[in-house]
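K.L.:
The primary structure of each chain is shown beneath.
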Amino acid sequence: MTTQPLLSVKDIRKTYGGRIGCTDVSFDLYPGEVMGIVGESGSGKSTLLNCMAGHLPPDSGQVLFDTRDRGMVDTLTMSEPERRMLSRTDWAFVHQHARDGLRMGVSAGGNVGERLMAVGARHYGNIRSQAIDWLGRVEINEDRVDDKPSAFSGGMQQRLQIARNLVTGPRLVFMDEPTGGLDVSVQARLLDLLRGLVREMGLSAIIVTHDLAVVRLLADRLMVMKSGHVVEHGLTDQVLDDPQHAYTQLLVSSVLQV
Amino acid sequence: MTQTLPPVIRIEDVSKSFTLHNQGSAVIPVMQGATFDVMPGECVALTGNSGAGKSTLMRMIYGNYLSESGHIWVGDTDVANAEPREIIALRRATLGYVSQFLRVVPRVPTIEVVAEPLLTVGVDRETAFAKARDLLSRLNIPETLWGLSPTTFSGGEQQRVNIARGFAHEYPAMLLDEPTASLDATNRETVLSLIEEAKARGAAIIGIFHDALARERVADREIDVSAFTPAKAA
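Those protein sequences? They're chains A and L, same order as listed.
The working numbering puts the first residue of the first sequence at 1, with every later residue one more than the last.
The working numbering puts the first residue of the second sequence at 259, with every later residue one more than the last.
Careful: at least some of the hints might be erroneous.
Said to hold, decoys possible - Just some of the chain L residues that point at chain A, by a computed CB distance under 8 Å:
1. 324
2. 343
3. 366
4. 377
Unchecked claim - Pair ranges (Cβ atoms, derived):
5. L/283 / A/147: 27 to 35 Å
6. A/128 / L/278: 42 to 50 Å
7. L/359 / A/229: 27 to 35 Å
8. A/16 / L/367: 42 to 50 Å
9. L/283 / A/136: 50 to 58 Å
10. A/24 / L/283: 18 to 26 Å
Hints were generated in silico from the structure; no laboratory data involved.
Since the model is a prediction, treat every value here as computed from it, not as a measurement.
Here a beta-carbon is modelled for each residue, glycine too, at the ideal position from N, C-alpha and C.
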């Protein structure tokens with residue numbers, strides 16, 4: 001297996017004053033792979049995700065991404081316009097709270113169309129039909145296209161956020177607790193949707209969650225964090241079925257049937 | 259004819275112990291010196307008392323248990339020392355596993371659960387679904403259930419869906435954990451035929467069969483895993 005990684009994270013460290021957010025984090029993510037990051041609140045998983053996605057500047061380290069035109073480039077030292085372009089095209093970020101990733105005052109169709117316009121789409125009819133196509137793919141009825149997200153349920157808002165993010169055909173999606181705060185039946189629907197999209201579009205994804213059942217179903221690989229450090233890393237079912245680190249053993253044994 | 263082909267699965271001097279960090283760091287050795295080969299078209303039955311390590315060994319071959327030392331070759335991949343992505347690729351195309359429990363995303367229809375392994379190796383939807391329909395009919399899952407999620411099915415139905423899913427793609431190597439348990443005579447017969455067909459196309463199979471008649475019928479050889487159980491620490 002000689003494929004080049006899509007994302008290569010090297011020695012990321014982020015501190016808040018004297019306190020460690022995350023440190024010594026390195027890994028490669030390959031095309032089509034889904035990686036889960038689990039750990040309790042305060043373990044550094046969201047800090048790490050935000051450092052990788054360019055939302056937080058790490059103290060040190062590199063986040064190399066296989067760009068379409070220049071190959072592996074460190075996204076942390078990239079120019080601001082270039083990084084913004086990347087986050088609109090090849091990258092996507094799904095927030096835990098849909099309202100952080102949506103424009104609440106703009107219609108559902110507008111939320112999806114806006115991202116297309118940001119990459120240069122100008123034909124209104126095409127934008128609208130693509131937006132409707134994507135709303136359908138996330139199971140939002142066409143007759144809701146002109147409604148604002150504030151009129152949507154939590155689960156619908158989350159699906160709309162996913163449509164907005166995926167419409168430009170990104171290669172890498174960062175997700176922060178994508179199923180958090182949703183009731184179980186809505187979670188199941190979202191999981192099914194995400195799995196289908198990952199398979200059909202060949203997406204790579206990094207999913208931060210504290211829900212082990214979610215990673216079991218969605219992630220190929222799993223990274224376990226505690227106090228800012230990666231304590232265990234491997235194939236998802238291996239980490240869950242045969243955990244090696246004391247913390248992972250505690251985590252797995254604390255859950256009812258994953 | 260098969261003598262000239264290399265083994266599909268080669269297990270070499272494999273060992274394993276569990277360290278229970280939250281129970282006084284107790285170290286429990288469970289496997290030592292496991293060594294055997296499985297040839298194409300051959301079915302090997304793992305035997306031994308409950309707790310001897312049959313399931314442990316099977317999970318080590320599938321890669322969801324880590325091996326401490328040794329090699330587990332499945333085709334060209336050494337599962338005992340491979341990167342996660344190599345194991346993922348191996349499981350996608352080469353190594354199938356029919357466990358005793360069906361684990362699926364809720365809400366996904368049965369027909370898609372069965373077709374999924376084919377879709378992930380790039381088979382077109384029409385062919386994949388035709389194969390899934392064929393397997394579900396053979397295993398007597400009523401057509402009215404195909405569009406429903408198997409999460410609400412009875413235990414026996416879930417197991418048959420699991421078997422259909424496991425046999426959808428023609429894996430060169432297969433692990434079967436109690437494939438005939440809790441099946442009625444007709445379905446048991448179908449599963450045994452599926453195993454025989456897999457052998458006939460050259461699959462190497464490792465199985466755990468508590469059903470002695472099933473074992474005698476499909477297994478070419480038995481391996482008693484208690485031979486690999488480490489001597490009890492003094």
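K.L.:
It remains to establish, for every hint, whether it holds in the given structure.
P.N.:
Going down the list of hints, with the structure as the test:
Hint on residue 324 of chain L holds. Least Cβ distance to chain A is approximately 5 Å, under the 8 Å limit. For the restraint placing residue 343 of chain L at the interface with chain A, the shortest Cβ-Cβ distance is roughly 5 Å, inside the 8 Å limit, so the hint holds. Annotation: residue 366 of chain L was flagged as interfacial toward chain A, and the flag holds, the nearest CB pair being 6 Å apart, inside 8 Å. Annotation: interface hint on residue 377 of chain L holds; nearest CB of chain A at approximately 7 Å, less than 8 Å.
Distance hint check for residue 283 of chain L and residue 147 of chain A: the Cβ-Cβ separation is about 58 Å, which falls outside the suggested range of 27 to 35 Å. Distance hint for residue 128 of chain A and residue 278 of chain L: a CB-CB separation of about 59 Å, inconsistent with the stated range 42 to 50 Å. The hint said 27 to 35 Å for the Cβ distance between residue 359 of chain L and residue 229 of chain A, and at roughly 33 Å that hint holds. In this structure the hint that residue 16 of chain A and residue 367 of chain L lie 42 to 50 Å apart at CB holds, the actual value being about 47 Å.
For the pair residue 283 of chain L and residue 136 of chain A, the supplied restraint of 50 to 58 Å holds, since their beta-carbon distance comes to about 54 Å. A C-beta distance of roughly 24 Å is found between residue 24 of chain A and residue 283 of chain L, which places it inside the suggested range of 18 to 26 Å.
Of the numbered hints listed earlier, those contradicted by the structure are 5 and 6.
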